[in-house]
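If you want the building blocks of each chain, they are given just below.
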Amino acid sequence: MIIEHPLLGPRDAAEFTYLGDAAMIHRPDWQAEDALAQFTTYGYLRDNPAGPHRELWFHEQGDRSWLVVTRDTTTHEITDVQLARDVARAEGRSK
Amino acid sequence: MSYSGFRVIKEALTGHRGWGPAWRTPDPKAEYDFVIIGGGGHGLATAHYLAKEFGKSRIAVIEKGWIGGGNVGRNTTIIRSNYLLDGNEPFYEMSLKLWEGLEQDLNYNAMVSQRGILNLIHSDAQRDAFVRRGNAMMLNGADADLLSTEDILKRYPFLNVNNARFPIKGGLAQHRGGTVRHDAVAWGYARAADRRGVDIIQNCEVTGFRIENGKCLGVETSRGFIGAGKVAACVAGSSGRLMEKAGMRLPIESHVLQAFVTEGLKPVFPGVVTFGAGHFYCSQSDKGGLVFGGDIDGYNSYAQRGNLPVVEDVCEGGMAIFPMLGRVRLLRMWGGIMDMSMDGSPIIDRTHIDGLYFNGGWCYGGFKATPASGMAYAHLLATDRPHETATAYRFDRFETGRMIDEKGMGNQPNLH
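Quick mapping for you: the protein sequence lines, in order, are chains A and B. For the first sequence, our numbering assigns the number 1 to the initial residue and increments by one for each residue that follows. For the second sequence, our numbering assigns the number 1 to the initial residue and increments by one for each residue that follows.
Hints may be right or wrong, so weigh each one.
[What the hints assert, rightly or not] Below, a sample of chain B positions facing chain A; criterion: calculated Cβ distance under 10 Å:
(1) N160
(2) S238
(3) E253
(4) S254
(5) H279
(6) Y299
(7) A320
(8) E406
(9) G408
(10) N411
(11) Q412
If you're looking for bench data, these hints aren't it; they were derived computationally from the structure. As the structure is a prediction and not an experimental result, all values here were calculated from the model. By construction, the Cβ of each residue, glycine as well, lies at the ideal position given by its N, Cα and C atoms.
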């Protein structure tokens, strides 16, 4: 697989480390009333879709940036790649 | 019709006209007591033990494609019970005992071959870990044998024990481990279940569940609605895709695992050997090909094919322990989809929906578990209580902190 890095262009997937579902950007609030239930869901349950999947890849052998890659899990076709930083900011995670 | 040596001779003398199909092709009935989704090894074994051990009838196994076309026909055929943790080892040891009596039980030649499995040791720390594992195995009634490098060389003279980075310092052997003809496992269970009246319905895809007031009443399929007293999901690899139809999210990711076979050779590789410093395992099939595999590709996938970097990684592992592999041509490679669970161990449990049961999360260790998985799942379906060896395989273990994490990797499915 080739991942089209937003800053570095096309890079071999072997340069990256895979973490998993990009929903992990949304870490629950540890002070919430139901924080335990939220963290159980966050830590252990996954959508695991057959089809387009937004997922976190770390460019470990490159510029060490985190990417959000949208990839079809039935064909391995990659349709979108963004810096995770930009995604997290757009979704209100970090200032 | 029982299979026997006498029968083979009789058929040989009469032109092989009396064999007939090994199982029927029934149309689905309107309703069953038990509907098992998934005609793989585990589903067919569940049906067999439900009928045989628990005396149940009105059982159907429904399968999207043809039986045995999924992971039971894609694995590397290894059986063993060399686990460490109490939640796992009694279960896998029961499985190995069931393998030992499988062919007589099913009246089917599954080519169970207890040629032994050997886990190689490459460092002092690893020897300590394997001694501990061997002791845990023996405490649970399994066999384990710590071998020296000299012992290993007697049986495997071609191993490179002096590799500069990964010298072989010994090994943990389980002599009762080995291999089984994987397709024959599916066929044998199918035939045995069919003979006890189980309907095996192929080319019948589940398209949804009929759930009313928190109770599962049956399944919608490509061949119409089938009512069921109890619905048993048993589709490891596709669990996410199936249980989504019941509105469930699982502690599972689907990953692709590749396997490989070389051209046929004369007998050269007597048992099963695993590399301790990387992820590689190898055995020789009765047809002569070296069958080997290694790590999963590492990203979510429902595509039954992998990518080349893992092929290279697996072959490097093989070359490190026996360089003769480099002179053999690779014949085929293929991929299967694994339910990678959050702690590397399976789930056999009821769901929060009444009448809907779940068996999955086998990671890449499902084949060796086939008989025990069928037995434990049948026990759960028949009695609504978990089998004594499968009490730890619960959905709620992630909430309660009772994970069964053999490798100590945490909730990172692609590292198990």
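Status of the hints after comparison with the structure:
1. N160: Given a least distance of 26 Å, the restraint on N160/B is violated.
2. S238: holds, 8 Å
3. E253: holds, 5 Å
4. S254: holds, 6 Å
5. H279: violated, 16 Å
6. Y299: holds, 5 Å
7. A320: Check failed: Cβ of A320/B comes no nearer than 19 Å to chain A, outside 10 Å.
8. E406: Because about 17 Å separates E406/B from the closest Cβ in chain A, which is outside the 10 Å limit, the hint is violated.
9. G408: violated, 16 Å
10. N411: Cβ of N411/B sits 5 Å from chain A, so the hint holds.
11. Q412: holds, 8 Å
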